[in-house]
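Each residue of the sequence shown is one higher than the one before, counting from 1 in the UniProt record's numbering.
By construction, these hints were calculated from the structure, which means they are not laboratory data. Idealized CB from N, CA, C, for every residue including glycine. Some hints here could point you the wrong way.
[As the list claims (entries may be wrong)] Each pair of labels, with its calculated beta carbon distance range:
(1) Ser-76 <-> Val-14: 35 to 43 Å
(2) Gly-144 <-> Asp-347: 43 to 51 Å
(3) Val-44 <-> Arg-6: 16 to 24 Å
[Said to hold, decoys possible] Think about it this way: if two alpha-carbon atoms lie no more than 30 Å apart in a straight line, the pair counts; the simulated BS3-like pairs of lysine-lysine are:
(4) Lys-48 <-> Lys-33
(5) Lys-33 <-> Lys-43
(6) Lys-5 <-> Lys-43
(7) Lys-5 <-> Lys-32
(8) Lys-33 <-> Lys-9
(9) Lys-32 <-> Lys-48
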Amino acid sequence: MSISKRRLKSGQIVYDVQEYVGFTLDGKRDRKKVTCNSLREAKVERAKLVAMRDARRNRSGRCTFGQYVDQWWWPSTSGLAASTRDTYEKELRLRLRPAFGGIDMRDITRPMIQRMVGSCGTRRVAEKALGTLRTIMNQAVGDGLMASNPACAAYDMPPIGRRRDNGLVITTFGAMRPLLAALGDYVAIDGGFCRVLAVTGLLMGLRPEERYGLDWSDVDARRRMCHVRRAYLSVSRREGSHDEKGTKTAGSMRDVPIPDDVCRMLIEYQRRDGTVRMGPVLVGSGGQRIPPATAKRRWARFLSWCDETGRDVLHVTIENCRHSFATSYLHAGGRVEDLSRMLGHSDIVTTYRRYVRPSTDDLSRGIMEHVPTMLDDVQGDNRDIPSVAHGTA
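Based on the provided sequences and hints, a complete structural model is requested.
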């Protein structure tokens, strides 16, 4: 391109510099235009544009992280679950835009990403931010904007940090009796809501969002089977406040057996006050599906009631009811393969890693039960018995 001279209405002479510097992400030629007050200034600006073009030869035009997210990546998330979009929006707003918003996508380096990761307070926060960045940059690679994804590299992560819950897990079904007894007494106060909320986790292993999403049509009392088909979560007001969606993974859509006593309890709860209820199992005061935050407040009131009335129960969280079921099931002799199916996991490793939490008392009991008494059984003089040592290569 060239430098062109033109006269403004005021009579002033200006010089327009136009130069193609590459291509935009959507394949259009990227033309820059600068207006200068003198020919000398115009020549300097033209030299800058030529240098920019040469530096980007065989590369698309400048596209910052913020531009790519706004114009291409974020619109592509419209079909995702509201809870997923909520997570992405939060990570972009709090961590990714402040760190990379004005930087060209191809200029984001591992040291830059490491600084962002290091600024996160805990490992969990860093993993979410890094996972979101990795997803965005993977799409940029697929769009041909980048040759590789630096977010896929290994990074030094922050400390694990404090757990979000209190970490309490009931490790045997027998140890659940005080809590179940208290829940039975509390029926007179709340009509049985907290008992259903807890038991579907403690004795069936459902996720909290699966319990909130349960309908009476999913409870097959004749076959003693619960059909897990949906989840109900809290999301931001921007996304509609609540999100009813499919289960966490394809494997999470499953049929879970209902113990006989739990089935009787559910039937009793459905037919309380002489009315057979339909629709959601766990409902709020207005009869609608209960918001998770409201369910947590009701559970907190139940635990406070236990303290006030002198009931010695573990303050297990709604989330840890599921973990308690998994650990207790294995301690009762259940097969881990069956447990994985009931929990909706795709592999056994996930079950062990996330939900099997034996306490030190459980480990001690295992030693006492399975390691035989050896030293006290050794009788007589064993000096004539040769010892056999096995070496290892």
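Hint check: Lys-33 vs Lys-43, CA-CA at most 30 Å. Holds or violated?
Status holds; Cα separation ~13 Å.
Pair hint outcome, Lys-48 versus Lys-33 [Cα-Cα no greater than 30 Å]
holds (12 Å)
Indicate whether the distance between the beta carbons of Ser-76 and Val-14 respects the range 35 to 43 Å.
42 Å Cβ-Cβ, so the 35 to 43 Å window holds.
Below or equal to 30 Å on CA atoms is what counts here, so check Lys-33 against Lys-9.
holds (20 Å)
Hint check: Lys-5 vs Lys-32, CA-CA at most 30 Å. Holds or violated?
holds (16 Å)
For the hint 43 to 51 Å, verify it against the beta carbon of Gly-144 and that of Asp-347.
violated (35 Å)
Between Val-44 and Arg-6, does the C-beta distance stay in 16 to 24 Å?
holds (19 Å)
Would you check the hint for Lys-32 and Lys-48, treating anything up to 30 Å between C-alpha atoms as holding?
holds (11 Å)
Do the alpha carbons of Lys-5 and Lys-43 lie within 30 Å of each other, as the hint requires?
Within the cut-off at roughly 12 Å; holds.
Figure legend: structure checked against the earlier numbered hints; the only hint not met is number 2.
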